[in-house]
Amino acid sequence: MDVLLIIIGAILTNNILLTTFFGICPFIGVSGEYQAAAGMGMAVVFVLTLTIPINWLIEHFLLQPLGIEYLRFIAFIITIAFLVQIVEMFVARFSPALYNALGIYLPLITVNCAIFGTSLFMIIWKLNFVQSAALGFGAGVGWALAILAMAAIRERLRFAPIPKGFEGPAITLITAGLMALGFAGFSGMIHMQAFGG
Amino acid sequence: MEKVHDHVQRAAEAPALPRRRLTETESFRDLIKGLWENNPTFRMILAMCPTLGTTNMAINGFTMGISTALVTVASSATVSLVRKLVPSEVRIPAYMIIIAAYVTVVDLSLKAFVPELSKALGPFVPLIVTNCFVLGRAEAFASSHGPWLSAMDALGVGLGFTASLTTLGIIRELLGFGSIFGMPVLGSWWVHWVIMVLPGGAFLVLGLFIGIIKYFSPGGTLGGA
Numbered sequence: 003m004d005v006l007l008i009i010i011g012a013i014l015t016n017n018i019l020l021t022t023f024f025g026i027c028p029f030i031g032v033s034g035e036y037q038a039a040a041g042m043g044m045a046v047v048f049v050l051t052l053t054i055p056i057n058w059l060i061e062h063f064l065l066q067p068l069g070i071e072y073l074r075f076i077a078f079i080i081t082i083a084f085l086v087q088i089v090e091m092f093v094a095r096f097s098p099a100l101y102n103a104l105g106i107y108l109p110l111i112t113v114n115c116a117i118f119g120t121s122l123f124m125i126i127w128k129l130n131f132v133q134s135a136a137l138g139f140g141a142g143v144g145w146a147l148a149i150l151a152m153a154a155i156r157e158r159l160r161f162a163p164i165p166k167g168f169e170g171p172a173i174t175l176i177t178a179g180l181m182a183l184g185f186a187g188f189s190g191m192i193h194m195q196a197f198g199g
Numbered sequence: 027m028e029k030v031h032d033h034v035q036r037a038a039e040a041p042a043l044p045r046r047r048l049t050e051t052e053s054f055r056d057l058i059k060g061l062w063e064n065n066p067t068f069r070m071i072l073a074m075c076p077t078l079g080t081t082n083m084a085i086n087g088f089t090m091g092i093s094t095a096l097v098t099v100a101s102s103a104t105v106s107l108v109r110k111l112v113p114s115e116v117r118i119p120a121y122m123i124i125i126a127a128y129v130t131v132v133d134l135s136l137k138a139f140v141p142e143l144s145k146a147l148g149p150f151v152p153l154i155v156t157n158c159f160v161l162g163r164a165e166a167f168a169s170s171h172g173p174w175l176s177a178m179d180a181l182g183v184g185l186g187f188t189a190s191l192t193t194l195g196i197i198r199e200l201l202g203f204g205s206i207f208g209m210p211v212l213g214s215w216w217v218h219w220v221i222m223v224l225p226g227g228a229f230l231v232l233g234l235f236i237g238i239i240k241y242f243s244p245g246g247t248l249g250g251a
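These protein sequences, in sequence, are chains A and B.
Residue numbering for the first sequence follows the numbering used here, starting at 3 and increasing by one per position.
Residue numbering for the second sequence follows the numbering used here, starting at 27 and increasing by one per position.
Think of the hints as simulated: they come from the structure by calculation, not from any bench.
In this text, all values refer to a predicted model and were calculated from it rather than measured experimentally.
Errors might be hidden in some of the hints.
[Said to hold, decoys possible] If you want the ones that stay clear, here's a sample from chain B, every Cβ over 10 Å from chain A, calculated:
1) Glu52
2) Leu61
3) Trp62
4) Ile71
5) Arg117
6) Trp174
7) Leu185
8) Val211
9) Ile236
[Said to hold, decoys possible] In silico BS3-like cross-links for lysine-lysine, where the CA-CA straight-line distance does not exceed 27 Å:
10) Lys166(A) / Lys137(B)
11) Lys110(B) / Lys128(A)
12) Lys137(B) / Lys59(B)
13) Lys128(A) / Lys137(B)
A virtual CB, placed ideally from N, CA and C, is assigned to each residue, including glycine.
Construct the entire structure; sequences and hints are all you get.
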């Protein structure tokens, strides 16, 4: 039950993209094309689900016993870069189809702040191992949902009369604002000890 | 490096000429470029997460901007100093570790000296590690220029970022709470637009800003699709 609440919460009420603004740069850059958005979304779900539990293990079995929590940022970013590399090699070796689908989006994930930010939330919220895995998966699905919705909206926007200057990033941000207002409607459905953006 | 050398040589060869004004030096030009031409938020559309996440109040935006500027200057100068020691295959991970080290310093300093602000900024100070323009300046400028010019370039971009964040923070705080930097300026007649300090307002204000700037200076913005 607890785990289910975390997953639903991470997808809807505390959507990392629309309420805490993690991973906005790829969201704006890649949402122009539906296929690309799907690839990026899949890659994020994949990497988030893997990294959050592994960062949990590093935090609880390496950093805390040694009392070196101040090295957390360095440890996490190294883990993320390392994992992305490993995942890329694994996928390329064992599932060329998936590798082609994820394409160039896998390496880009190292600098996607959704991964690093969710790792920090796992620490701030003091989650246990299973809860952390649930958070990683839920946050990834939430991010993918938002970018897919945006990509679908932008397909329509292509034929809409947009004021001069507002094409591209500006209209995407304003549309995201309206989406965020929509998602704000979910707040209160589940109470998480959220960080007020 | 050659340019710096050239500049030093010229300065040494022509002592009789009137001293070059500060505004004509190369370092000053790099500094100014970052403020507007290369403004990370409005022109390059980079570092959107902290821009949206910390501008609900002017003071939060300002603190976030200054913290990012400090990290950018320190990491650009360091990257420039070690640029000949780091093999190019591992340069990106090396830069990330340098940046992460400075972010840790800034984060711990904020926690020690301004604990309330540190709490209000939450995970966004640690997130400077994955800030695209900090790494961008290291890769695009510091890896091929001397430490002084790199620091100036980073300072310009950092201050440009601070200016954008503070501006957005002032607008959102004014509309959302009727105050600027915590001081009430609009009287009690002002009905607070609470939406402006919520996530939705962040997207709307930034979107309008970028759109209006692009309207008046077409072709100026990069990034996005």
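What's the verdict on Lys137(B) and Lys59(B), does the C-alpha distance respect the 27 Å limit or exceed it?
Outside the cut-off at roughly 32 Å; violated.
Hey, does Arg117(B) actually stay past 10 Å from chain A on C-beta?
holds (13 Å)
For a C-alpha distance cap of 27 Å, please report whether Lys128(A) and Lys137(B) respect it.
Roughly 19 Å between the alpha carbons, so the hint for Lys128(A) and Lys137(B) holds.
Could you let me know if the closest chain A CB is still more than 10 Å away from the CB of Trp62(B)?
About 17 Å separates Trp62(B) from the closest Cβ of chain A, which puts it past 10 Å; holds.
Reported absence of Val211(B) from the contact zone with chain A (all CB gaps over 10 Å):
At about 23 Å from chain A, Val211(B) clears the 10 Å cut-off, so the statement holds.
Is the straight-line distance between the alpha-carbon of Lys166(A) and that of Lys137(B) 27 Å or less?
violated (44 Å)
Cβ separation check - Ile236(B) to all of chain A, threshold 10 Å:
Non-interface label fails for Ile236(B): nearest chain A Cβ at 4 Å, not farther than 10 Å.
Between Lys110(B) and Lys128(A), does the CA-CA distance stay at or below 27 Å?
Judged against 27 Å, a Cα distance of about 42 Å means the pair is violated.
Beyond 10 Å on every Cβ pair: is that true for Ile71(B) relative to chain A?
violated (5 Å)
Non-interface claim for Trp174(B) versus chain A (Cβ beyond 10 Å):
Its Cβ never comes within 10 Å of chain A, the nearest being 27 Å, so this holds.
Chain A versus Glu52(B) - minimum CB to CB distance exceeding 10 Å, so not interface:
holds (30 Å)
Should the label of Leu61(B) as a non-interface residue stand, given a Cβ cut-off of 10 Å to chain A?
holds (20 Å)
When each numbered hint is compared with the structure, violations occur for hints 4, 9, 10, 11, 12.
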